[in-house]
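One letter stands for each residue in the lines below.
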Amino acid sequence: MNPQPLPHDLPLQLPLPEGLVKHLLVLLFLIHILFVNFMLGGQSLAVILEIIGLRRKKYDRLAYEISSTVTVSKSLAVVLGVAPLLAINVAYTTYFYSSTVLIGFAWLMIIIMASAAFLLTYLHKYTWESWGGSQRALHLTVGAAAMVLFLAVAMVFITNINLMVLPAYWPRVAGFLSAVLLPSALLRYFHFILATLAISALFAAGWFGRKGYDLARLPDFTRTEVIALFLRIAFIVTLLQFVIGPSLLLSLPVHGHSLAVWLLLLTGATIAGVMAWIIYRELGRAPAVLGRSYLVMLTLLTFTALFMAYGRHYYRERAVNPHRQAMMAKTEAFMWDAKAAQTRARMGMTREVYKSSGEKEFKANCAACHAENTTIVGPPLTEVRGLYAGNPQNLIAWARAPQVKRGGAPMPSFNHLPEKVLQEIATWILEGK
Amino acid sequence: MDFPIFHLDFIGNRMLIAITAIVHVIINHPMAVGAIPMATLLEWIAHRKKWSALDDLAYKITFVFFVITTSLGAMTGVGIWFTTALVNPDAIGSLIRVFFWAWFSEWVVFFLEVVFIMIYFLTWKPWSGEKKRLHLGVGLFLSIFSWLTMAVITGILGFMMNTGKWVPFSYEWVPESSMFTAFFNPLYLPQLIFRTAVAFLGAGLFFLFLIPFFKKLTAEVRGRAVRPISLWVLAWLPVAIAGAIFYWQRIPVYMQANAPVALATQDFTRWYQTILWFLLGMAAIVPLAALWGVVKPKRLPAAALVIPFIAVATLLGTFERLREFVRKPWVIQGYLYANGLRAQDYPLFKEEGVLSRATWVRHHQVTEENKLEAGGELFMLTCSRCHTVGGVNSVRTRFQKLFPVQKWDEEQLAAYISTMHNIRIFMPPFPGSDAELKALSAWLAANQHYAMRAEGGQTALLPSAPVLK
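These protein sequence lines are chains A and B, in that order. According to my numbering, the first sequence is numbered sequentially starting from 307. According to my numbering, the second sequence is numbered sequentially starting from 38.
Check the hints yourself; a few may be wrong.
[Stated by the list, open to error] Under 10 Å between C-beta atoms, here's a sample of chain B residues computed to sit facing chain A:
{"#": "1", "residue": "F40"}
{"#": "2", "residue": "E143"}
{"#": "3", "residue": "L185"}
{"#": "4", "residue": "A188"}
{"#": "5", "residue": "I190"}
{"#": "6", "residue": "L385"}
{"#": "7", "residue": "Q443"}
{"#": "8", "residue": "K444"}
{"#": "9", "residue": "Y453"}
{"#": "10", "residue": "Q495"}
Everything labelled a hint here was simulated from the structure, so no lab data went into it. Even for Gly, the Cβ is constructed at its ideal location relative to N, Cα and C.
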């Protein structure tokens with residue numbers, strides 16, 4: 307294996323048991339990512355349907371209906387992201403921060419890209435009616451820009467999460483692009499994008515197909531038509547996932563693989579397969595009963611997500627564990643050494659000998675700029691004695707409020723020093739004791 | 038020392054955090070924390086007096102705030118975490134370990150706040166007539182939530198400046214290491230009072246600022262809006278002033294001494310008084326405009342609405358900048374220096390050097406051959422969180438001011454650096470061994486005539502030692 311940089315951990319206890327914070331991370335992250343899916347998938351579907359809607363008006367209405375859920379999803383996605391961010395900071399402190407710095411510029415861009423995307427989604431939604439006719443192209447551009455920004459933000463996050471568990475690759479990374487090209491980063495990204503589309507399409511099938519939804523908002527659509535449209539999207543995308551998924555699994559660097567990881571991921575994939583088959587069968591049913599197995603699909607999807615999330619988690623754990631153990635040992639040794647050095651320092655083993663505390667304070671505060679015979683930054687002490695002999699009070703007054711006299715660099719004020727210290731310094735300068 | 042070092046050699050790392058934090062505070066205090074109670078108050082007045090135009094105005098202004106706070110406000114809030122993770126991972130990592138549960142509770146409140154703000158906003162029009170009172174209730178509820186998020190973060194910000202009785206719990210657990218000791222630090226209460234008052238008052242001014250943009254308003258409706266808002270501003274002003282005084286008194290004395298440099302930078306400390314008067318003058322405009330608004334609400338000119346708004350935005354920005362600065366040399370007072378190194382580890386570094394214990398460096402021991410390169414790495418480790426080489430607060434310019442004519446030499450710079458923390462109390466002591474001090478000084482001296490390259494971990498290829506094989 308490649309040599310891996312080995313830092314120390316932060317020497318502060320974890321605020322909660324390590325196992326707990328990791329389960330919190332997996333579960334809270336799943337909820338966060340659900341709304342990210344609605345946001346990113348929703349925006350993408352809205353843009354695609356708006357394009358189709360240029361020719362066929364009814365799709366434009368559908369696009370609008372989706373777009374008006376995006377601004378809500380995005381607010382929830384942000385808030386729900388805070389908790390897993392906290393948890394990952396605690397559970398993987400050194401890993402997360404190291405990889406974050408390595409892709410620093412891209413990481414900073416997230417703030418700008420996401421803020422811009424959010425404002426654009428509002429613009430997209432609230433100008434839907436007013437920007438018609440010749441402004442339609444502009445309107446579409448706004449929506450597409452938001453979509454592209456969302457896609458880019460996702461890319462940065464995934465690259466970071468991928469880099470985080472690969473300390474062996476850290477020394478090779480110089481800039482974001484080199485991190486994108488590491489094993490598995492791009493495949494992870496495509497896997498995620500497909501999942502996003504599948505999940506938001508499935509969500510849309512339920513959202514617009516539910517009994518309480520007022521179909522008058524979608525003229526020319528029947529309920530079954532809407533459900534079938536979104537189920538079809540979910541089905542096709544899920545099939546594609548069976549190409550990307552295995553490629554991803556094989557591309558993951560080998561040090562994180564284990565039987566448990568494979569079992570979890572394959573079980574997840576199997577459940578997804580069952581779900582795809584149910585969707586397929588459902589699509590062949592009579593319109594009147596279309597959507598009847600919706601709850602079954604959702605349940606299967608939830609289990610797929612859980613299995614995948616835990617598979618990913620155990621991959622990560624296995625990948626970093628040896629490194630983490632070495633890091634903990636190193637941290638402990640460091641703390642031991644630091645404590646010993648503290649004790650030595652406290653026992654005064656390194657203390658220098660001064661004639662008086664005036665000399666000590668002078669060395670600490672003034673010696674950087676004043677020497678006995680030569681000019682460093684300020685005038686030499688011989689000159690100072692000429693000016694202030696027998697007059698310590700004025701010297702102290704100067705030190706509290708120095709002026710610009712000689713026209714070079716100004717002397718800083720020492721008003722923060724206690725009177726006693728200044729007196730000792732003055733005595734040392736003027737009388738040498 | 039344990040993380041690759043992110044470095045921006047042009048604007049500097051401090052500036053990055055400062056910009057994000059200031060934008061966030063200017064947006065969030067008035068527009069999220071203060072605006073909801075303000076809007077609810079106006080809505081309530083409109084409901085009682087049956088002034089539907091006023092209700093409509095309050096709705097429209099809230100809409101503007103809603104869009105800004107849920108996009109820019111939310112992202113700059115997350116942005117503070119993002120930028121601190123880059124600039125000082127030791128600091129934010131340690132803070133999260135101490136305050137995990139505080140932040141977690143804040144998150145729960147924040148989540149409810151976002152849910153309620155969407156309910157509040159989306160039901161404003163549908164819930165009219167009978168249901169209006171329910172809507173007012175939501176507003177009140179939401180006001181409490183958004184204030185609570187601020188009440189939590191204030192504890193953490195105060196802790197960075199004054200840790201009070203808190204002790205780190207790395208070696209053994211002691212009662213003083215609990216999160217509550219850390220949270221209810223001496224600065225908590227004064228800062229909370231101050232921030233609350235400023236957020237509420239600022240919201241009033243932001244409302245006033247937006248009113249002239251609604252061109253279709255009649256003078257009557259304008260007057261109906263301006264008077265209660267002005268009264269509201271006047272009511273919070275004394276609280277803000279009292280909070281500010283209380284707060285200032287609780288800041289550790291040596292940190293107060295940083296204020297002139299914080300406000301004016303070293304080169305302009307002579308202007309400190311002038312700047313203070315200027316800020317006070319700006320602050321004085323606020324009550325004047327508000328008084329006018331109470332007495333002659335319909336006549337209040339647009340300019341009188343704009344200037345107090347700018348004043349409060351400037352004051353809030355200045356306040357945040359000051360707060361960020363005066364805590365120096367610490368990020369966590371008494372525990373962690375701004376350079377990301379812990380005070381408790383200094384004796385070890387003094388004996389052995391920082392390089393020998395650092396992860397992301399090429400050289401672990403200073404030798405004659407690697408002296409300059411090691412010096413550059415020491416600059417990155419110990420100075421680069423606050424200084425650049427060629428940009429803002431450049432270490433070269435700083436030394437040029439100190440030693441303008443003579444040739445810089447190692448001894449001279451070393452003498453300065455070894456005691457600089459006593460002279461410039463906002464700087465942490467240099468942590469390394471004597472050999473490292475010389476290496477740093479040699480590298481700095483080599484910078485006298487042209488700036489050496491300072492590249493951060495986000496672009497540089499970093500070495501791989503020390504390693505796990």
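Each hint, compared with the structure:
| no. | hint | in the structure |
| --- | --- | --- |
| 1 | F40 | holds (5 Å) |
| 2 | E143 | holds (8 Å) |
| 3 | L185 | violated (14 Å) |
| 4 | A188 | violated (17 Å) |
| 5 | I190 | violated (12 Å) |
| 6 | L385 | holds (4 Å) |
| 7 | Q443 | holds (9 Å) |
| 8 | K444 | violated (13 Å) |
| 9 | Y453 | holds (4 Å) |
| 10 | Q495 | holds (3 Å) |
This entry does not satisfy hints 3, 4, 5 and 8, going by the numbered hints stated previously.
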